[in-house]
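All chains should be modelled from the sequences, with the hints used to inform the complete structure.
Protein sequences appear in the order of chains R and V. Quick note: the first sequence uses the numbering used here, first residue 1, plus one each step. Quick note: the second sequence uses the numbering used here, first residue 1001, plus one each step.
It is worth saying that the hints were derived from the structure and are not from the lab.
Label pairs and their in silico Cβ distance ranges:
(1) V:Ser1110 x R:Leu11: 26 to 34 Å
(2) V:Glu1069 x R:Gln41: 27 to 35 Å
(3) R:Arg110 x V:Asn1022: 25 to 33 Å
(4) V:Pro1040 x R:Ser65: 27 to 35 Å
(5) V:Gly1041 x R:Gly58: 24 to 32 Å
(6) R:Leu83 x V:Lys1056: 38 to 46 Å
Note that the coordinates shown come from a computational prediction; the quantities given were computed from them, not determined experimentally. Every residue, glycine too, gets a C-beta built ideally from N, C-alpha and C.
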Amino acid sequence: ETGVTQSPTHLIKTRGQQVTLRCSSQSGHNTVSWYQQALGQGPQFIFQYYREEENGRGNFPPRFSGLQFPNYSSELNVNALELDDSALYLCASSLSLGSTGELFFGEGSRLTVL
Amino acid sequence: GNSVTQMEGPVTLSEEAFLTINCTYTATGYPSLFWYVQYPGEGLQLLLKATKADDKGSNKGFEATYRKETTSFHLEKGSVQVSDSAVYFCALTPFQAGTALIFGKGTTLSVSS
Chain R
1 ETGVTQSPTH LIKTRGQQVT LRCSSQSGHN TVSWYQQALG QGPQFIFQYY REEENGRGNF
61 PPRFSGLQFP NYSSELNVNA LELDDSALYL CASSLSLGST GELFFGEGSR LTVL
Chain V
1001 GNSVTQMEGP VTLSEEAFLT INCTYTATGY PSLFWYVQYP GEGLQLLLKA TKADDKGSNK
1061 GFEATYRKET TSFHLEKGSV QVSDSAVYFC ALTPFQAGTA LIFGKGTTLS VSS
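Below is the structure:
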């Protein structure tokens, strides 16, 4: 069984640029969520996708957007990068929306914005 | 609003010591509560959970009891091992919120032999 994989693992961008992060869900999981983890903080919920539709969003501006594909893989896009966007971005998949809190996390993509 | 407060770390213990990591929460409704663990170089993984008051979650010798009256979900282990060294996160999901978790800031545990 393949776990959650994310790419790239590390990347550096400059302020104002755009970034796309990718996630491959665990086999059989149809729900994916994204979290931002700043240094020394707990993960913060960005949004989740279920069957290719956004299904819940945290307190993040619209320049954070996402996609889920028919094979349940997912992308996180961030436009107009700001210095405060520097963080570890975590993708998590779950068997279904009803899998309360039982998430399987990837190791994350570390974004540095200069 | 909903929030989770964990004790500040780092927590440094000798092998076989007793561990408590405090977690309290604020939530509307009836949340489900979780402990996640992040071992060095690995992704977050679910350690244990409890979905209603007085439930006790347990796994790998760790346990936590959902206390509604004190809004707490403290993590305990009777005898820690060096391999338990990790960052521990307390989290909740509000009633019917599915997979949108609210995490505490995390507590780093370091166990020496």
